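Visitor: The working numbering numbers the first residue of the sequence shown as 1 and each following residue consecutively.
No wet-lab data here; the hints were simulated from the structure.
Just to be clear, a hint being listed does not mean it is correct.
If you anchor each label on the Cβ, the simulated ranges turn out as follows [what the hints assert, rightly or not]:
#: 1; residue 1: 69; residue 2: 48; range: 33 to 39 Å
#: 2; residue 1: 87; residue 2: 38; range: 15 to 21 Å
#: 3; residue 1: 88; residue 2: 23; range: 22 to 28 Å
#: 4; residue 1: 5; residue 2: 78; range: 22 to 28 Å
#: 5; residue 1: 51; residue 2: 88; range: 28 to 34 Å
#: 6; residue 1: 5; residue 2: 47; range: 32 to 38 Å
#: 7; residue 1: 81; residue 2: 15; range: 22 to 28 Å
#: 8; residue 1: 79; residue 2: 11; range: 34 to 40 Å
#: 9; residue 1: 22; residue 2: 71; range: 26 to 32 Å
#: 10; residue 1: 72; residue 2: 33; range: 20 to 26 Å
#: 11; residue 1: 37; residue 2: 83; range: 18 to 24 Å
#: 12; residue 1: 31; residue 2: 55; range: 16 to 22 Å
#: 13; residue 1: 6; residue 2: 78; range: 34 to 40 Å
Predicted model, so just to flag it, every value in this text is computed and none were measured.
Backbone N, C-alpha and C define an ideal beta-carbon position, used for all residues, glycine too.
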Amino acid sequence: VGRGVIDFPAFAKKRGILVRPERSRIGDRPSVNDAFPGALLADEILTEGEGKVRALFVTGDNPLITMANAGRLRRAFSELELLVTVDILH
């Protein structure tokens with residue numbers, strides 16, 4: 001398992017930044033860098049219940065290209081009540 005150049009979660013925890021106690025609704029995963037794993041996004045949108053993702057702001061990339069299981073994510077995006085994308089490059 002690759003660990004990167006530094007142990008980022010330990011670095012952030014030591015300094016009290018970029019960590020929060022909440023865990024993901026799907027899979028009970030911890031946040032890292034104030035975010036949950038992108039692989040959970042489709043399930044967070046498609047799974048009913050409290051905390052279901054209903055709106056999404058996308059900036060800086062196209063998750064349908066950069067994330068795994070793009071077909072499932074595309075279907076999940078169609079279930080959103082609001083999807084806003086910001087693309088500064090044409």
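Visitor: Decide, hint by hint, whether the structure agrees.
Guide: Quick rundown of the hints versus the structure:
1. 69 to 48: 33 to 39 Å: At roughly 19 Å between Cβ atoms, residue 48 and residue 69 fall outside 33 to 39 Å, so the hint is violated.
2. 87 to 38: 15 to 21 Å: holds (18 Å)
3. 88 to 23: 22 to 28 Å: Hint violated: Cβ distance 33 Å, outside 22 to 28 Å.
4. 5 to 78: 22 to 28 Å: Roughly 38 Å apart at Cβ, these two residues miss the hinted range, so it is violated.
5. 51 to 88: 28 to 34 Å: This hint holds: roughly 30 Å between Cβ atoms.
6. 5 to 47: 32 to 38 Å: holds (34 Å)
7. 81 to 15: 22 to 28 Å: Taking Cβ atoms as reference, residue 81 and residue 15 lie about 36 Å apart, which means the hint is violated.
8. 79 to 11: 34 to 40 Å: Given about 36 Å between the Cβ atoms, the range holds.
9. 22 to 71: 26 to 32 Å: Given a distance of about 28 Å, which is inside 26 to 32 Å, the answer is holds.
10. 72 to 33: 20 to 26 Å: Roughly 24 Å apart at Cβ, these two residues keep to the hinted range, so it holds.
11. 37 to 83: 18 to 24 Å: holds (20 Å)
12. 31 to 55: 16 to 22 Å: Since the Cβ atoms of residue 31 and residue 55 sit about 19 Å apart, the hinted range of 16 to 22 Å holds.
13. 6 to 78: 34 to 40 Å: With Cβ atoms ~39 Å apart, the hint holds.
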